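Enquirer: Start from the sequences, fold in the hints, and give me the full structure.
Residue numbers (the working numbering), protein chains in the order written: chain A, 13 to 316; chain B, -17 to 345; chain C, 3 to 268.
No lab work stands behind these hints: they were computed from the structure. It is possible that some hints are incorrect.
Capping the alpha-carbon separation at 16 Å, the derived lysine to aspartate or glutamate pairs in EDC-like fashion look like this [as the list claims (entries may be wrong)]:
#1 Lys257(B) with Glu228(B)
#2 Lys202(B) with Asp177(B)
#3 Lys285(B) with Glu324(B)
#4 Lys235(B) with Glu324(B)
#5 Lys224(C) with Asp258(A)
#6 Lys21(A) with Glu55(B)
Predicted model only: the values in this text are computed from it and were never measured.
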Amino acid sequence: MIKDGTKEKQLARLLVSGPPLLFLIVFFVAPSLIMILTSFRFPGEFGGLAPVTPPSDKAIGEYGFTSDAYQFFFSDFIYTEIFLKSFAVAFGTTLICLILAYPLAVLIARSRKHLRNLMVLLVILPFASNFLIRIYAWMIILGPESALSHFLNTVLGAFGIAPVTLLFSPFAVLVGMVYVHLPFMVLPLYTNLEKHDPSLLDAAQDLGANSWQRFWRVTWPLSLPGVFSGSALVFIPVLGMFAVPDILGGTGDILIGNLIKDQFLGTRDWPFGSALSIMLTLAVLSVAGLTTWFARSATGQRAI
Amino acid sequence: MALLEIRNVTRRFGSYTAVDNVSIDVEAGEFFTLLGPSGCGKTTLLRMIAGFDLPDSGQILLDGKDMVGIPPEKRPVHTVFQTYALFPHMTVADNIAFPLKMAGKAPQEIKKRVNELLERVHLPNFGNRFPHELSGGQKQRVAFARGLVNRPRLLLLDEPLGALDAKLREEMQIELINLQKEIGITFIFVTHAQDEALALSHRIAVMNRGNVEQIDEPSKIYSAPRNHFVADFIGKISVMNAAVMEAAPSHLKLAIEGLGEVTAPAREGVEVGDKGVLAIRPEQVRISHPSNESQLKNHFRGKVHDFLYVGDVTTYIVELVNGAYIEALLPNSAPGRAKFFEVDDEVTISWRHDAGIFLNDPQ
Amino acid sequence: MKRGNLWLWFAAVLVYAFLYIPLIIVVLYSFNDFRLNAEWVGFTLFWYKALFNNTEMLLAARNSLIIALCASFCATLLGTMSGLAIHRYKLKVLPVLVFTPVAMPEILLGVSILLFFLQVLNFTLGMVSIIIAHTTFCIGFVAIIVRARLQGMDESIFEAARDLGASPWQTFRLVTLPLIMPAVVAGALMSFTLSIDDFVITFFTKGVGEPILPIQIYTMIKVAVTPEVNAISTLLMLLTLVMIIIAARLESNGSSEGNAKPHTAE
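Expert: Take a look at the structure:
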């Protein structure tokens, strides 16, 4: 960095960081603040919000600020249940993604440079297709007329079990979530694994460790930062997702995202929708904070 | 008037003083070296001369003009960076042409000068190549050419030979000396390699922890170090505690504990009773069989403790009767004989009455 | 070691199959001469023709294209500035603002912008609100790519330019800009792709006016599923495939120019 103390330097700094800063303050910070405020307002008569101060010709009705929206959330257990369900789905998705992604990531990390780049590209490419398409594809596969459904029901029928519908079920939601988010788990894992020093495994083997021990005591601990990054990259988006349950799930499978969407585009209860959004934000921040904390303590302890 | 005058320059970073009240004069046409261990402040000083940093106090004058407030691009000073810093998206010719373009020279002039410099650094047909196609040594030479093409008043070199292997380094050192002689531009060279400094420079400033310890010609730095740090940093040296018994204009008589009287070269400012060390270079110390009576004034008995054979010479570490260790250098010139002495051999150690130097500063 | 690798390869093939078979099915059935995505009947381009006769769909495609072009332009401009600023000046606030929209669930951004426009600005939701919303979350992607590029470069190059007589503006124009250009273009392509494909944020910020492509697809999926959906999906996949390959090529070309950080012998 050049410390030449000229005004030119200050001006340059302002010109370069100013516009993005301004844009983001107006279109990101301000809306976020508005959302917080809105969660403390009353819903308007015909949707939207009730004004803060009552107009002169109306003496009755609810105006001003309140914590009604939050109270409403806790008034019925179903809302908390939906939150818990969302966490469960997020957790399940993350776990399945980890199990599926890990072997692939290991293989990519061990391959030679050209093969490695190709393999990474092949992982990213499905991500390139439209998000809805990826969900729609599973509608086809899990649909009642699909080959898979026919096959499954024939097998079940042989055991005398009634036919099941794969689509519009929690199972379908889980599959959809995993499918959409799998690349996000593969990439951070492979980036981490690539950096492992291969001579560490050789040293462990030389000192008598078999292949399971080598994995569990050398590879796994060293890969933890990658595991945590990947988990965060999957867990957080899944928490807020509504499209997958909306398309692949049944009526009982709604998650936080669907609930929020309904408040804004359905019932138009903005305060409640905002309150839900704030709670989702807090949940996301907690997860992010926990992940960072875990990652730090994990890498700190295991100095192999 | 010196070309570059550094007057009482200080630079601090928080509570850490990188450069402490340094004053140096560099004459036109000199190959001047700033030598010192990492963290001694030499690079910080160089950056202030180039304009990438400002002193907290003091002045830097070039041709008598104060450089404060003048940004790097306006100073007639160019730098050869440790990592060469060649522009990867420009050809070698464009790289070298860059300062000329910035100075607004005409295209014909630019072309002429670029070719001139390419010839001079022995890269005549490399103009159209890109930096990533060049070897380390070639990149080095392009960096030199780029720094010199504009004929700056001063060329600063920040450990430019650091990334080269030993053989290439030696070759580049010779090329550098020749280049500087031919072109006549003043060089300020920064390095931590003392052998390099001794080989290349007209004068050396030895720096330590932000201070300048000594500014002198290489031979004086080597044979007459002003203090313990300089003596120790440059070359190998043996030290023994000594006290001054006699201080005459022509010689000093020192008393070394457990050993006896030693005659040493005279030194200014030394008085009887001063305590310090006798510092002596291994090549000044003779080692011989006890049976050979030594002609030299200073001679003592000792026992070989260890030795280091490096092909052309062997350094013997000898324990003297007072428990002190001294290093003696012996050329292995007799063919077929790898060493003359074994560990535990009894030997005579001797040196001339005008060898060694008495340093009376504290450790 | 080899036996272990075999097991890994098996798992990898399974995962790749899992990733690609659904997409292959979608593409395959876009050529299926049957209204339902159930069994293969025969090859036809009927659904593609139907697509091109679907005025609503064409309008949606046009709108999405306009939005993507505008949003990627703005995001690239602001994102490049952000990447430069974050790398050069050790700022604290800007990185948070730039990267949070990328990390958060999209629904939060969509909802907050909806509220902002309707509540505060009293502005009807439409193309403008979508463009602004897309720009907001694309800035982060561009910034990440540009910053990564800058971090891989030898810093002394910029000092060398100043040292040899270039003013700060000349340094930017002649040295910095050419060197980050591959990253800037990759960022632009990435933003374009993200914008065309975006569903969630668009869903909340589009209002009731213009049709937008992903929303059209969504409506078709929910209301009347025909292989037209497969056809448009296939076309979109092709488009994004091309974009990603170009972006990937640019990234690797840039770094092969040999400007990775040089090694200094210590």
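Enquirer: Of all the hints given earlier, name the ones this structure violates by number, lowest first.
Expert: As far as the earlier hints go, only 4 is violated by this structure.
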